[in-house]
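Going by this note's numbering, the first residue of the sequence shown is number 49, and it counts up by one from there.
Calculated from the structure, these hints are not laboratory results. Fair warning: there could be bad hints in the mix.
Distance condition first, Cα-Cα at most 27 angstroms in a straight line; then the derived DSS-like pairs of lysine-lysine [to be verified]:
(1) Lys-53 <-> Lys-121
(2) Lys-53 <-> Lys-109
(3) Lys-54 <-> Lys-121
(4) Lys-121 <-> Lys-109
(5) Lys-231 <-> Lys-199
(6) Lys-199 <-> Lys-177
Between beta-carbon pairs, the in silico distance windows are [unchecked claim]:
(7) Lys-54 <-> Tyr-130: 13 to 23 angstroms
(8) Ser-201 <-> Thr-149: 20 to 30 angstroms
(9) Glu-157 <-> Tyr-136: 22 to 32 angstroms
(10) Gln-127 <-> Arg-61: 35 to 45 angstroms
(11) Asn-215 <-> Thr-95: 38 to 48 angstroms
(12) Asn-215 <-> Pro-94: 43 to 53 angstroms
(13) Glu-233 <-> Asn-110: 27 to 37 angstroms
(14) Lys-217 <-> Phe-72: 19 to 29 angstroms
(15) Ser-201 <-> Leu-113: 15 to 25 angstroms
Note that CB positions come from ideal geometry on N, CA and C, so glycine has one too.
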Amino acid sequence: MTTEKKSHWYVVRTLAGREELVVFLLNRLIEYPAEADVFVEELMIPTRHVKLLRNGKVVEKNRKLFPVYVFVKMIRTTQTWYSVRFTYGVTGFVGINKRPTAISAAELEQVMKVQLPEKNDLRVGDRVKFRWSFEYAMLGFPEGIEMTIEKVSDDERVLAVSFMLANRKNVIECDYDFCQVQKAEEGQ
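Take the sequences, apply the hints, and build the full model.
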(Lines of atoms letter the chains of each structure in order from A and count residues from 1; the text may use other names and numbers.)
(Lines give C-alpha, C1' and ligand atoms only; values in the text may rest on other atoms or scores of the structure.)
Protein backbone atom coordinates (compact mmCIF):
# COMPACT_ATOMS: atom_id res chain seq x y z
CA MET A 1 0.00 0.00 0.00
CA THR A 2 1.31 3.42 -0.89
CA THR A 3 1.99 6.13 1.62
CA GLU A 4 0.37 9.52 1.09
CA LYS A 5 1.40 12.71 2.83
CA LYS A 6 -1.96 14.49 2.73
CA SER A 7 -5.03 13.45 4.71
CA HIS A 8 -8.27 12.50 2.96
CA TRP A 9 -11.72 11.38 4.03
CA TYR A 10 -12.48 7.66 3.76
CA VAL A 11 -15.66 5.72 4.51
CA VAL A 12 -15.51 2.72 6.85
CA ARG A 13 -18.25 0.07 7.07
CA THR A 14 -19.15 -1.11 10.58
CA LEU A 15 -21.28 -3.75 12.22
CA ALA A 16 -24.91 -2.66 12.61
CA GLY A 17 -25.37 -0.39 15.62
CA ARG A 18 -21.64 -0.23 16.36
CA GLU A 19 -20.86 3.17 14.82
CA GLU A 20 -20.38 4.92 18.18
CA LEU A 21 -18.19 2.10 19.49
CA VAL A 22 -15.99 2.28 16.38
CA VAL A 23 -15.66 6.06 16.80
CA PHE A 24 -14.77 5.57 20.48
CA LEU A 25 -12.09 2.98 19.64
CA LEU A 26 -10.69 5.01 16.74
CA ASN A 27 -10.55 8.12 18.96
CA ARG A 28 -8.09 6.17 21.09
CA LEU A 29 -5.83 5.98 18.02
CA ILE A 30 -5.98 9.77 17.81
CA GLU A 31 -5.34 10.37 21.53
CA TYR A 32 -2.84 7.56 22.16
CA PRO A 33 -1.27 6.39 18.92
CA ALA A 34 0.54 3.10 19.61
CA GLU A 35 2.55 3.45 16.43
CA ALA A 36 4.29 6.57 15.14
CA ASP A 37 2.99 5.70 11.66
CA VAL A 38 -0.75 5.92 12.54
CA PHE A 39 -2.34 9.13 11.25
CA VAL A 40 -6.06 9.33 12.04
CA GLU A 41 -7.12 12.98 12.29
CA GLU A 42 -10.90 13.20 12.51
CA LEU A 43 -14.02 11.01 12.74
CA MET A 44 -17.61 11.71 11.80
CA ILE A 45 -20.98 9.95 11.94
CA PRO A 46 -23.29 12.15 9.83
CA THR A 47 -26.53 12.74 11.74
CA ARG A 48 -29.51 15.05 11.57
CA HIS A 49 -31.67 16.31 14.42
CA VAL A 50 -35.27 15.11 13.94
CA LYS A 51 -38.57 15.25 15.80
CA LEU A 52 -40.58 12.04 15.96
CA LEU A 53 -44.03 11.27 17.28
CA ARG A 54 -43.91 8.39 19.78
CA ASN A 55 -46.95 7.35 21.81
CA GLY A 56 -48.57 10.73 21.17
CA LYS A 57 -45.52 12.71 22.32
CA VAL A 58 -42.91 14.53 20.27
CA VAL A 59 -39.45 13.06 20.87
CA GLU A 60 -36.27 14.74 19.62
CA LYS A 61 -33.26 12.65 18.60
CA ASN A 62 -30.31 12.50 16.25
CA ARG A 63 -30.84 10.16 13.32
CA LYS A 64 -27.90 8.60 11.49
CA LEU A 65 -27.95 9.55 7.83
CA PHE A 66 -25.83 6.57 6.79
CA PRO A 67 -26.28 3.71 9.27
CA VAL A 68 -23.27 1.34 9.51
CA TYR A 69 -20.86 3.91 8.06
CA VAL A 70 -18.23 6.09 9.75
CA PHE A 71 -16.23 8.78 7.96
CA VAL A 72 -12.52 8.80 8.82
CA LYS A 73 -10.07 11.58 7.91
CA MET A 74 -6.62 10.04 7.80
CA ILE A 75 -3.29 9.91 6.03
CA ARG A 76 -3.27 6.54 4.30
CA THR A 77 -0.25 4.52 5.36
CA THR A 78 0.02 0.78 5.70
CA GLN A 79 -0.04 1.02 9.48
CA THR A 80 -2.99 3.47 9.55
CA TRP A 81 -4.99 1.27 7.18
CA TYR A 82 -4.22 -1.80 9.27
CA SER A 83 -5.06 -0.07 12.58
CA VAL A 84 -8.41 1.23 11.30
CA ARG A 85 -9.36 -1.89 9.34
CA PHE A 86 -8.76 -4.22 12.25
CA THR A 87 -10.49 -2.10 14.89
CA TYR A 88 -13.26 -4.08 16.59
CA GLY A 89 -16.58 -3.41 14.81
CA VAL A 90 -15.05 -2.37 11.46
CA THR A 91 -15.91 -4.69 8.58
CA GLY A 92 -13.94 -2.87 5.89
CA PHE A 93 -13.33 0.26 3.88
CA VAL A 94 -15.58 1.44 1.08
CA GLY A 95 -13.50 1.34 -2.06
CA ILE A 96 -12.50 -0.49 -5.18
CA ASN A 97 -11.07 -4.02 -4.84
CA LYS A 98 -11.24 -3.83 -1.03
CA ARG A 99 -8.75 -0.93 -1.04
CA PRO A 100 -9.71 2.31 0.71
CA THR A 101 -10.76 4.95 -1.80
CA ALA A 102 -10.77 8.58 -0.65
CA ILE A 103 -13.94 10.58 -1.19
CA SER A 104 -13.62 13.88 -2.99
CA ALA A 105 -14.40 17.29 -1.52
CA ALA A 106 -17.53 17.43 -3.72
CA GLU A 107 -18.73 14.07 -2.37
CA LEU A 108 -18.13 15.20 1.21
CA GLU A 109 -20.07 18.39 0.49
CA GLN A 110 -22.99 16.26 -0.80
CA VAL A 111 -22.93 14.25 2.43
CA MET A 112 -23.19 17.47 4.44
CA LYS A 113 -26.05 18.73 2.25
CA VAL A 114 -28.05 15.58 3.00
CA GLN A 115 -28.32 16.87 6.56
CA LEU A 116 -30.57 19.70 5.33
CA PRO A 117 -32.80 18.40 2.54
CA GLU A 118 -34.32 20.76 0.00
CA LYS A 119 -37.37 22.81 0.94
CA ASN A 120 -40.69 21.23 0.11
CA ASP A 121 -43.52 22.74 -1.92
CA LEU A 122 -46.18 22.56 0.83
CA ARG A 123 -47.98 25.75 1.86
CA VAL A 124 -50.31 26.68 4.72
CA GLY A 125 -53.86 25.72 3.78
CA ASP A 126 -52.92 22.83 1.46
CA ARG A 127 -54.95 19.64 1.87
CA VAL A 128 -52.67 16.64 2.38
CA LYS A 129 -52.70 13.00 3.40
CA PHE A 130 -50.04 10.52 4.51
CA ARG A 131 -48.24 8.60 1.79
CA TRP A 132 -48.10 5.29 3.65
CA SER A 133 -50.88 3.38 5.43
CA PHE A 134 -48.68 2.41 8.41
CA GLU A 135 -48.42 6.09 9.39
CA TYR A 136 -52.18 6.22 10.00
CA ALA A 137 -52.05 3.07 12.11
CA MET A 138 -49.08 4.37 14.08
CA LEU A 139 -50.95 7.56 14.96
CA GLY A 140 -54.16 5.66 15.67
CA PHE A 141 -56.60 7.21 13.24
CA PRO A 142 -58.46 5.98 10.15
CA GLU A 143 -56.49 5.46 6.94
CA GLY A 144 -57.02 8.07 4.23
CA ILE A 145 -58.03 10.93 6.52
CA GLU A 146 -57.20 14.30 4.96
CA MET A 147 -55.35 17.00 6.87
CA THR A 148 -54.80 20.72 6.42
CA ILE A 149 -51.35 22.30 6.66
CA GLU A 150 -51.35 24.76 9.57
CA LYS A 151 -47.62 25.60 9.68
CA VAL A 152 -44.55 24.96 7.55
CA SER A 153 -41.09 25.73 8.91
CA ASP A 154 -38.31 24.93 6.43
CA ASP A 155 -35.65 26.14 8.89
CA GLU A 156 -36.73 23.75 11.65
CA ARG A 157 -37.93 21.07 9.18
CA VAL A 158 -41.27 21.00 11.00
CA LEU A 159 -44.78 20.63 9.64
CA ALA A 160 -48.02 21.18 11.61
CA VAL A 161 -51.20 19.56 10.27
CA SER A 162 -54.77 19.61 11.52
CA PHE A 163 -57.52 17.06 11.03
CA MET A 164 -61.04 16.40 12.28
CA LEU A 165 -61.52 13.34 14.46
CA ALA A 166 -64.53 12.66 16.69
CA ASN A 167 -65.94 16.11 15.79
CA ARG A 168 -62.82 17.77 17.20
CA LYS A 169 -60.03 19.63 15.44
CA ASN A 170 -56.67 18.04 16.27
CA VAL A 171 -53.26 19.49 15.44
CA ILE A 172 -50.01 17.54 15.34
CA GLU A 173 -46.52 18.86 14.69
CA CYS A 174 -43.89 16.60 13.21
CA ASP A 175 -40.65 16.38 11.27
CA TYR A 176 -40.92 16.56 7.45
CA ASP A 177 -39.37 13.14 7.11
CA PHE A 178 -41.66 11.60 9.70
CA CYS A 179 -44.86 13.01 8.23
CA GLN A 180 -44.24 11.93 4.61
CA VAL A 181 -47.32 13.74 3.33
CA GLN A 182 -48.51 14.35 -0.21
CA LYS A 183 -51.07 16.78 -1.54
CA ALA A 184 -54.58 15.34 -1.61
CA GLU A 185 -55.93 15.01 -5.14
CA GLU A 186 -58.56 17.49 -6.24
CA GLY A 187 -62.16 16.26 -6.25
CA GLN A 188 -61.69 13.51 -3.67
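Hint check results:
Restraint check: the Cα-Cα separation between Lys-53 and Lys-121 comes to about 13 angstroms, which is no more than 27 angstroms; the hinted pair holds. For the proposed pair Lys-53 and Lys-109, the alpha carbon gap of about 38 angstroms is over 27 angstroms, so the pair is violated. Restraint check for Lys-54 and Lys-121: satisfied, since their Cα atoms lie roughly 10 angstroms apart, inside the 27 angstroms limit. For the hint linking Lys-121 to Lys-109, the alpha-carbon distance of about 26 angstroms falls within 27 angstroms, and the restraint holds.
Of the supplied pair hints, the one linking Lys-231 and Lys-199 holds, its CA atoms being roughly 15 angstroms apart against a limit of 27 angstroms. With a CA separation close to 15 angstroms, the supplied pair Lys-199 and Lys-177 stays within the 27 angstroms bound. For Lys-54 and Tyr-130, the hinted distance range of 13 to 23 angstroms is satisfied, since their beta carbons lie about 19 angstroms from each other. Distance hint check: the CB atoms of Ser-201 and Thr-149 are about 39 angstroms apart, inconsistent with the given range 20 to 30 angstroms.
The hinted range of 22 to 32 angstroms is satisfied by Glu-157 and Tyr-136, whose Cβ atoms lie roughly 31 angstroms apart. In this structure, Gln-127 and Arg-61 break the distance hint of 35 to 45 angstroms, their C-beta atoms being roughly 20 angstroms apart. Roughly 41 angstroms separates the CB atoms of Asn-215 and Thr-95, a value that falls within the hinted 38 to 48 angstroms. At about 45 angstroms, the beta-carbon gap between Asn-215 and Pro-94 stays in the expected band of 43 to 53 angstroms.
At roughly 35 angstroms, the beta carbons of Glu-233 and Asn-110 sit within the given window of 27 to 37 angstroms. Take Lys-217 and Phe-72: their Cβ atoms lie about 48 angstroms apart, and the range 19 to 29 angstroms is violated. At about 20 angstroms, the CB distance of Ser-201 to Leu-113 agrees with the hint of 15 to 25 angstroms.
This entry does not satisfy hints 2, 8, 10, 14, going by the numbered hints stated previously.
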